[in-house]
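Those sequence lines, one after another, are chains A and B.
Residue numbers for the first sequence follow this note's numbering, beginning at 1 and rising by one.
Residue numbers for the second sequence follow this note's numbering, beginning at 1001 and rising by one.
None of these hints come from the bench; they were simulated from the model.
All values derive from a computational prediction rather than experimental measurement.
Any given hint could be a false lead.
SDA-like, lysine to any residue: derived pairs with alpha carbons at most 20 Å apart [said to hold, decoys possible]: (1) Lys-94/A with Arg-1318/B; (2) Lys-94/A with His-1309/B; (3) Lys-97/A with Glu-1333/B; (4) Lys-66/A with Lys-81/A; (5) Lys-97/A with Glu-1319/B; (6) Lys-1346/B with Lys-66/A; (7) Lys-1340/B with Lys-241/A; (8) Lys-97/A with Ser-1330/B; (9) Lys-81/A with His-1309/B; (10) Lys-1356/B with Asp-127/A; (11) Lys-94/A with Glu-1319/B; (12) Lys-1340/B with Thr-92/A; (13) Lys-81/A with Leu-104/A; (14) Lys-1203/B with Glu-1245/B; (15) Lys-94/A with Lys-1203/B; (16) Lys-241/A with Glu-227/A.
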Amino acid sequence: MKTLLEIKDLWVEVEGREVLKGISLKIPVGETHVIFGKNGSGKTSLLMTIMGFPEYRVKHGQIIFKGKDITHLPPFERARKGIGIMFQRPPTVKGVKLRDILELCAKHNGIKIEELAMEFGFEHFLDREINRGFSGGEIKKSELLQLLLQDPDLVLLDEPESGVDIENMQLIGKMIKKLLQKEDPHLPRQKSGLVITHTGFILQYVTADLGYVIIDGEIYCQGNPIEIFEGIQKYGYEECKKCLKRKKFLQLEVE
Amino acid sequence: MNDVKKLSLSKEEEELLKLLGLDPSLKREGEFLQIDGRAVRCQKQVEGLEILPIKEALQKYEWLEKDYYWKLLTPGKDEFTKEVAENLDDGYFIRVPAGLKLVYPIQACLYIHTKDYRQKVHNIVIVEEGAELNLITSCAVHPHISSALHIGVSEYYVKKGGKLTYTMLHMWGEKTQVRPGTGVIVEEGGTFISTYVSLSPVKDLRTSPICRLTGKGAKASFVSIVVNHPNSYVDVGGEVFLEAENTNAEIISRTVIYGGENIAKSRIVAKAPKVRGHLECEGLMLSDNGIMRAIPELDSHFSDVELTHEAAVGKIAREEVEYLMARGLSEDEATSLIVKGFLTVKIEGISPELQKQIDKALETAKLGF
Chain A
1 MKTLLEIKDL
11 WVEVEGREVL
21 KGISLKIPVG
31 ETHVIFGKNG
41 SGKTSLLMTI
51 MGFPEYRVKH
61 GQIIFKGKDI
71 THLPPFERAR
81 KGIGIMFQRP
91 PTVKGVKLRD
101 ILELCAKHNG
111 IKIEELAMEF
121 GFEHFLDREI
131 NRGFSGGEIK
141 KSELLQLLLQ
151 DPDLVLLDEP
161 ESGVDIENMQ
171 LIGKMIKKLL
181 QKEDPHLPRQ
191 KSGLVITHTG
201 FILQYVTADL
211 GYVIIDGEIY
221 CQGNPIEIFE
231 GIQKYGYEEC
241 KKCLKRKKFL
251 QLEVE
Chain B
1001 MNDVKKLSLS
1011 KEEEELLKLL
1021 GLDPSLKREG
1031 EFLQIDGRAV
1041 RCQKQVEGLE
1051 ILPIKEALQK
1061 YEWLEKDYYW
1071 KLLTPGKDEF
1081 TKEVAENLDD
1091 GYFIRVPAGL
1101 KLVYPIQACL
1111 YIHTKDYRQK
1121 VHNIVIVEEG
1131 AELNLITSCA
1141 VHPHISSALH
1151 IGVSEYYVKK
1161 GGKLTYTMLH
1171 MWGEKTQVRP
1181 GTGVIVEEGG
1191 TFISTYVSLS
1201 PVKDLRTSPI
1211 CRLTGKGAKA
1221 SFVSIVVNHP
1231 NSYVDVGGEV
1241 FLEAENTNAE
1251 IISRTVIYGG
1261 ENIAKSRIVA
1271 KAPKVRGHLE
1281 CEGLMLSDNG
1291 IMRAIPELDS
1301 HFSDVELTHE
1311 AAVGKIAREE
1321 VEYLMARGLS
1331 EDEATSLIVK
1341 GFLTVKIEGI
1351 SPELQKQIDK
1361 ALETAKLGF
């Protein structure tokens, strides 16, 4: 299957501190991968580096997207190439309405803002200052609405379930499914996703093709996401360090 | 007087005046245009409303000089006001009769066409009891003249229960000196809403309107939206005196500094109990080659008052720029959107049409780097 994103031996520093230590992974077109890890394990750093924020300095390694090396491109060029990110804690921007940003996101594809907002019951937020006073669930909806209009080929989701109550989680799950073309399981997909989570709760709403565990900036294992999640639930992240699969995973890397 | 075509303005100047509001497609209750020292257009659509050049009005009405002329400001305040008093060009006199609520704005425009001209203007506006007026005054200078001076003296009277929404859009030049002096008095239950917008470079601009709320329940709001360019010195202030119970005032300023020097000085004085006042002053520094001074001042002569202020000066938050870049905006586009958002103040009580005109001015200013 065609690879959309490939990360090769990525080493990243933030303010002189190593946050990613030799990450490698491949996401084929149409697949969704999920990364499990504790807070501070490097999950968010990985997403931020893929998006290209300058604070995350790549010391070594490569990020290949659609066959092109994007390791040193600024974020907006990556966005224009088809990478979109859902922020966990997006900032408020004084005087800028959600609609202003949605219009910019929809500039090139002609998707109707009002219609889409109404589909998810979010039309009343269009003329509000972006993120000001939004609840956890409202932030997620606002982020996902922006992404649906941006229509990226690779979606990076940073803890999509954090701060959201169960009632809203249904709708957020629905939005993510639409974004990743998972509404109909039988149709071929063009959209790929990389989801990070520390609770794993999101898997109840969105299926994933492959899971990884990241600890201290390193990928410890990869495999069936449900099995990995069950293992973490049962033994915790600390036990991942002793896991027998770890040996097998390292061998695979060498091969 | 009403034939602008005879003035031989260039296409560019006509476009500029249109942008400033002299646009036939906009609905207006009246218009006033002064070019250099001459009032060249003065017209109204409504019976009872008066719009006259001030010199003509002073001749017509004795009471105007006796009761209103130089009553809120003094000629000896400084050398500039003195020059206006001694050698007045012209200006506008607008009077809205009691109970008349005008729906659309009156557009006034003070324009300097000639190089090195010293434009000396005196305006008087009287909003009688229960009347309402929305006045837009646009000021500009010929796009290619090297230097000019504008001195404006404005005296505004809002009678009992009246409402004056006053908006000033300035588009001066890099070598223009500007000295507007404004005095306002608001009687019981009256409202004065002032919005000042200056987005273009100017050499030296100093203004500090003085507003007295003399009747119970009177309200005043001053909002200023200023972009400070390199080599510009801008001092936009405001003073409100709360002289009766239940009066209420706010002074809000938003300034973006690309360079030059800016002073945002505002003061609210509580001279009666049970009054409220709020100052808000925010500055966004986009350069290290500029100076911003935010000087809020609250004075109270009574204990039963509510006076507050907020002031903040700082740079654009990096995370806001990056947030927008992740949506596909270049760094310049993101900065421009943030600056535009920062300057977009929701002004309570103004018409949507006027808000659109202010937004258009912001668009046209092509903010950002």
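Hints versus structure:
1. The straight-line distance between the Cα atoms of Lys-94/A and Arg-1318/B is roughly 14 Å, inside the 20 Å bound, and the hint therefore holds.
2. Using a Cα cut-off of 20 Å, the hinted pair Lys-94/A and His-1309/B holds, with the two alpha carbons roughly 19 Å apart.
3. Among the hinted pairs, Lys-97/A with Glu-1333/B is consistent with the structure: their alpha-carbon atoms are about 16 Å apart, no more than 20 Å.
4. For the hint pairing Lys-66/A with Lys-81/A, the CA-to-CA distance comes to about 9 Å; that is within 20 Å, so the pair holds.
5. For a cut-off of 20 Å, the pair hint linking Lys-97/A to Glu-1319/B stands: about 17 Å separates their Cα positions.
6. Taking the CA atoms of Lys-1346/B and Lys-66/A, the gap is near 44 Å; set against the 20 Å cutoff, the hint is violated.
7. Restraint check for Lys-1340/B and Lys-241/A: not satisfied, since their Cα atoms lie roughly 50 Å apart, outside the 20 Å limit.
8. A hinted pair counts as satisfied when its Cα atoms are at most 20 Å apart, and Lys-97/A with Ser-1330/B qualifies at roughly 19 Å.
9. Distance check on the hinted pair: Lys-81/A and His-1309/B sit about 46 Å apart at the alpha-carbon level, beyond 20 Å; violated.
10. Simply put, Lys-1356/B and Asp-127/A have alpha-carbon atoms about 15 Å apart, close enough for the 20 Å limit, and the pair holds.
11. The hinted pair formed by Lys-94/A and Glu-1319/B meets the criterion: a straight-line CA distance of about 13 Å does not exceed 20 Å.
12. About 14 Å separates the Cα atoms of Lys-1340/B and Thr-92/A, which keeps this hinted pair within 20 Å; it holds.
13. Distance restraint check for Lys-81/A and Leu-104/A: the Cα-Cα separation of roughly 15 Å lies within the 20 Å cut-off, and the hinted pair is therefore satisfied.
14. Proximity of Lys-1203/B to Glu-1245/B is assessed by CA-CA distance (about 41 Å); at most 20 Å being required, the pair is judged violated.
15. This hinted pair does not check out: Lys-94/A and Lys-1203/B have alpha carbons roughly 29 Å apart, beyond 20 Å.
16. Between Lys-241/A and Glu-227/A, the direct Cα distance comes to roughly 16 Å. Compliance with the 20 Å bound is thereby established for this hinted pair.
Checked against the numbered hints above, the structure violates hints 6, 7, 9, 14 and 15; every other hint is satisfied.
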